[in-house]
Amino acid sequence: MVALPSVVRKGRAGATRQRKRHTRRVVEEEAPRAEQRAVTETHASWALPGVARWMISSLETQLPTVTERIAGLVSDGAGGQRGRLVRQAVQQALRLFVDQVLDRPTSTIVVDDLFRKLGYRQAARGRDREAIAHAMQVAAAEISDELRVRAAENGLSADALNALNDAVSSFLDYLARQAQHGFDAGLAERAQDVGIARTQLIEALLAAVDPAAAQGRATAARWDIPELVTVLAVDLGPDDHPLDGDDLGAEALTGQGSPQVVLCDSTVANAVTKRIRAAAPGRRIARCWPVVVTDVPAAWRWSHRALALVRARVIPKRPVIDCARYRTEIWLHAEPVMRRQLAQDLLQPLFAESENSREILSETLLVWLETRESAPAIAARLGVHPQTVRYRWKRINELFGEVLHDPDVVTQLLLVLKASVPLWIAGDQSDFERYKSTQDP
Amino acid sequence: MRGLTVAVALLPALAGLLPLATWLGARRARRAGISWRRNAVLHIARRSGVVLLDRWGTVTTGELKVAAVDALDPDNERNLRWFAGALGHAAQDPVGRALAQLAGRGRLSGVEDHGCNGISGSVDRHPVHLGPPEWLGMAGRDDLGVTVGVKVDARPIGYITVGDDVRADARSGVDRLRSLGVETVLLSDDTERNTRHLADACGIARWHAAVDGTSLAGLVAGYRARARGRPVAVASRNGASAGDLRIDVEAGDLRLTDLDVNRIAEAFAISHRVARVRRRTRALGLGATALGGAVAGAGLVGLPVVAAGALLGTLVVLAVAARG
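As they're listed, the protein sequences go chains A and B.
In terms of our numbering, the first sequence is residues 1 to 441.
In terms of our numbering, the second sequence is residues 1 to 324.
Just so you know, these hints were derived from the structure itself, not from any lab.
Worth double-checking, as some hints may not be accurate.
[As the list claims (entries may be wrong)] Here are some chain B residues pointing at chain A (derived, C-beta under 10 Å):
1. Ala-86
2. His-89
3. Asp-93
[Stated by the list, open to error] Okay, the calculated beta carbon distance ranges per label pair:
4. A:Asn-397 to B:Arg-107: 19 to 27 Å
5. A:Leu-228 to B:Asp-73: 54 to 62 Å
6. A:Ser-437 to B:Asp-73: 32 to 40 Å
Just so it is clear, CB atoms sit at the ideal spot from N, CA and C, and this is done for glycine as well.
Throw the hints in and build the complete structure from the sequences for me.
Encoded structure:
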């Protein structure tokens, strides 16, 4: 199982903390401002005639009936938690309006909180912002109808009725703004939730979780698991900023850490690669061949190793490393400790030679093991005279003796030389230093 | 009428006095790759009793050749030939040129000339050293010629001995000179042992080893003193100015296309032949003229007979000159 990049885990925990901080900040910053607006934007600016106040006070006993009617219209008959929340919000809003008209001591905190919750829920469920405005219009129409009927019954003047309607309109605007605040907070939270879901998804895919579980997370992350996935490892420097998922498009899943992992549908791998190069110019990318989703952890390991082999100068430096071209190298270096031990066991005769002799003899032995061709053919590959190859072969036989006739040893020699010679050519002296340390008294 | 008859009788003498032998000898010499500027050179050559032969190019081809390849491990003989031959291509001296005959050119790098010690360099990235065995830390050898040790990858793999490439007909050239009365002396810059061996191979009784440019002049002076006034000829690529008769390829009194001892012998043979023919033609011409003049003066025969006799005498002189 692949160990998840620590930064991925940190990213998820960080996102959770960030969400909590964000919510707390919204409450701390928005509540005082909202309370202040309640004073300045609602009843403080109303100038209602006494007859209007009297009529409102006479309606106080009708509030439950009006509440039910408006709540029913706004929630469109919805029950459950949402229906209760709507009813409670309407009830508290009507109570607040009446109390403010009658100049009673009031606090907007409860009403503000209720309407923000309504707006938050609306956004969190992916619903339209226009639904809030529509609900407010429905409520305004219903209240206006009620007031008009009551005004006719009580012989309220047109001026008084207009003033009352203005107050209702102002109050509803205030409530709509609270709902909008909540809606905005819900939107931010929702965006944050998708990011977390995508992080959890990439973590799950790299950890090879059950495909069914991965599918659930993919739905939450709004990412369709493709038939074949391409895994890319982006080699970020210590001072480089991680790639932003927004830069790579919705079809790419972007992890954290360095190398930074990017997953995408193999059909769009080229486009995603171009976007990565545009977003992080100069950074090397290792792109694995397409794999099924259950092989993503292995593909990540291979592309990660490809970058390490580039740094070790085993794989040539290119902006985009196509892992398919270097399957052999990636495979041969899958077990570095085993390679090191095999080298110490099998290549001791070479380690005792001078550096120059070791290099040319190992190179010749490797070509012979790979091709089993004649001296002239090997000489042509190495760019030397055939007699030089014969001389080297004589030396190799002197050094290795009969083991070259053992098929198992020959196979091991081929593998260990294939893995080790590029390292030596690249300047890695660790094998010889380790050998010397065992020889020195 | 008598005057005309005498004049006709002089024709054979005139033909005998003409340098026909020299002209024809020069023509024959050019065909043999021999030339000279002054005809007096022929006289000097005919009088020379000693010719000093430089080792390089006279009795030898001027190059060395590989005499023996001795690998320490018999399986390494081809490797020995290959690495020594490949590095030999980078050497400019006769030993290097001889070694280069063992193998084609290889991929050389880091070639260093260590002067009299030898040469080193990498052949196909294998470090190779050629030089005296002692310099390479190898056991010394006591072979005829020059023996070089060979190390590859800092490991001694064998010895290669090179020696003089003696001309196949060197001995016959020396014998021919001897038959002309010219003594041959071999001069060599090699060791006494190698020089003696070369002299024996060529049938030369007298030789001098370890001769260099400075000691050559002294040697020539010594031979001149012993020759009692007879000229001393020197055939050498490097010390041509030291002798009474300089035989060289480009700047000598006698110029040869090469210093092959057989060509040198031919040059001496031509000088002897020209002198002999010239003596004969003069004698014949003067004799015929004297006979014709006496007969004509005594009035024994008429002009037609004298003229026919003079013409016959002239033709005989020319025939002798041409045959010579």
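Against the structure, the hints:
Given hint, B:Ala-86 at the interface with chain A, holds; its Cβ is 7 Å from that chain's nearest Cβ, closer than 10 Å. The restraint placing B:His-89 at the interface with chain A is violated, with a minimum CB-CB distance near 12 Å, outside the 10 Å limit. About 23 Å separates the beta-carbon of B:Asp-93 from the nearest beta-carbon of chain A, more than 10 Å, and the hint is not met. Checking the proposed 19 to 27 Å range against A:Asn-397 and B:Arg-107 shows it holds: the Cβ atoms sit about 23 Å from each other.
The given range of 54 to 62 Å is respected by A:Leu-228 and B:Asp-73, whose C-beta atoms sit roughly 60 Å from each other. The supplied range of 32 to 40 Å is met by A:Ser-437 and B:Asp-73, whose beta-carbon atoms lie about 33 Å from each other.
When the structure is compared with the earlier hints, violations turn up for hints 2, 3 and for no others.
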